[in-house]
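**Q** Top to bottom, those sequences are chains A and B.
Just so we're aligned, residue 1 is where the first sequence starts under our numbering, counting upward by one.
Just so we're aligned, residue 1 is where the second sequence starts under our numbering, counting upward by one.
If you're looking for bench data, these hints aren't it; they were derived computationally from the structure.
Here the structure is a predicted model, which is why all the values come from computation and not from measurement.
Any given hint could turn out to be false.
Copies of one chain are not kept apart here, so a pair can be met inside one copy or by any two copies together.
As the list claims (entries may be wrong) - Listed below are the simulated SDA-like cross-link pairs for lysine to any residue, each with C-alpha atoms no more than 25 Å apart in a straight line:
#, residue 1, residue 2
1, Lys-119, Thr-199
2, Lys-12, His-23
3, Lys-34, Ser-44
4, Lys-119, Ile-149
5, Lys-119, Gly-195
6, Lys-53, Thr-77
Protein chains: 2
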Amino acid sequence: MKKVIIIGASGKIGQAALSGLGHHDIVTASGSGKGADYQVDIGSEESIRELFKQVGSFDAVVNTVGICEYADFSDMTEQQWMTTVLSKMMGQINLVRIGQEYINDGGSFSLITGILSSKPIPMAIADATTSGAIDTFVKCVAYELPRRIRVNSINPTVIEEAWGVYGEMMSGFQPVPGSLVGKAFARSVDGFITGEVITVDA
Amino acid sequence: MKKVIIIGASGKIGQAALSGLGHHDIVTASGSGKGADYQVDIGSEESIRELFKQVGSFDAVVNTVGICEYADFSDMTEQQWMTTVLSKMMGQINLVRIGQEYINDGGSFSLITGILSSKPIPMAIADATTSGAIDTFVKCVAYELPRRIRVNSINPTVIEEAWGVYGEMMSGFQPVPGSLVGKAFARSVDGFITGEVITVDA
Numbered sequence: 001m002k003k004v005i006i007i008g009a010s011g012k013i014g015q016a017a018l019s020g021l022g023h024h025d026i027v028t029a030s031g032s033g034k035g036a037d038y039q040v041d042i043g044s045e046e047s048i049r050e051l052f053k054q055v056g057s058f059d060a061v062v063n064t065v066g067i068c069e070y071a072d073f074s075d076m077t078e079q080q081w082m083t084t085v086l087s088k089m090m091g092q093i094n095l096v097r098i099g100q101e102y103i104n105d106g107g108s109f110s111l112i113t114g115i116l117s118s119k120p121i122p123m124a125i126a127d128a129t130t131s132g133a134i135d136t137f138v139k140c141v142a143y144e145l146p147r148r149i150r151v152n153s154i155n156p157t158v159i160e161e162a163w164g165v166y167g168e169m170m171s172g173f174q175p176v177p178g179s180l181v182g183k184a185f186a187r188s189v190d191g192f193i194t195g196e197v198i199t200v201d202a
Numbered sequence: 001m002k003k004v005i006i007i008g009a010s011g012k013i014g015q016a017a018l019s020g021l022g023h024h025d026i027v028t029a030s031g032s033g034k035g036a037d038y039q040v041d042i043g044s045e046e047s048i049r050e051l052f053k054q055v056g057s058f059d060a061v062v063n064t065v066g067i068c069e070y071a072d073f074s075d076m077t078e079q080q081w082m083t084t085v086l087s088k089m090m091g092q093i094n095l096v097r098i099g100q101e102y103i104n105d106g107g108s109f110s111l112i113t114g115i116l117s118s119k120p121i122p123m124a125i126a127d128a129t130t131s132g133a134i135d136t137f138v139k140c141v142a143y144e145l146p147r148r149i150r151v152n153s154i155n156p157t158v159i160e161e162a163w164g165v166y167g168e169m170m171s172g173f174q175p176v177p178g179s180l181v182g183k184a185f186a187r188s189v190d191g192f193i194t195g196e197v198i199t200v201d202a
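Using the sequences and the hints given, assemble the complete structure.
**A** Right under this line is the structure:
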């Protein structure tokens, strides 16, 4: 049994992650802190550091959140780009950068990206671009982590549980059960793989 | 003959681009403005907009620059990350975002990325991550550009002309002549391809 921090456990992807990691000692964190063990804003270095200090000893960080702005490319403002870059991209990079100081030997980081980086749809250019950044980051940074620490990203298609929200904009996509995404997180946390982008698609 | 703006024409990759685009009407721009027709800081929206306003009518933007910080992942500061993200990543995105308002019908954008996103080496995590972002951006944003405007990225290995600078950190890489990278820029500017990552490797 490992001590696993799940960030965003109450969200739909967070619930999916939880479904695959129930055999572990789970600690939850979220932006609001409501219904979670800890509060964290992944857009803030200080908040990330505070989380890891408070939790103390842990073996895995599973991130399922990241603020993402959706708009047509021609309408998307610099501000919307930066909101996405600072949260979904730099926020996740900072989870690894700061977390590597605190995580136990042989620990792992599991980050979240998404299918829209390889199957583009309207309005999702910032989501796609930052997913591409994180998938590349994971493949390259794996070689740099000390003490057998591992890092992977989970790049899922839309899950059935979120189809009500995203279905209309995702014509032609086949949703998968969240439990399948949970398995991907489990493979990242429990396995020995590192530097991998775990794609979950139908 | 097209009117082509080359940003960073005096640099080594800029010279390589120039070698493939000499049959066009070339306008040059650089960070210092020295020896170039125009001065531009791609890290500034205002500076980018000013460049396009000053040039007036043009058919292609070829970017060969982007500030990149190099350090071990564990040593790299938030500031070093943001310098790289704001220049090499957001700077190039903004060239397309703002440039699409000014470029002629059927015009093209050619951005620069690099081999280290697929062949990682020490010290280059920010370079690799932002290259991955731009390569993904290009593949996805191509569908959104109006008026038959195209966008590609050139993802080269190190060129022979730069081996003196980068050779020591790039053991096992085979440099290619800059003229081969010039051909890649020409294929992007003169062809009909869009949304492509043009890899140049030995």
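**Q** Output the indices of the hints that this structure fails to meet, ascending.
**A** Violated hints: none; all satisfied.
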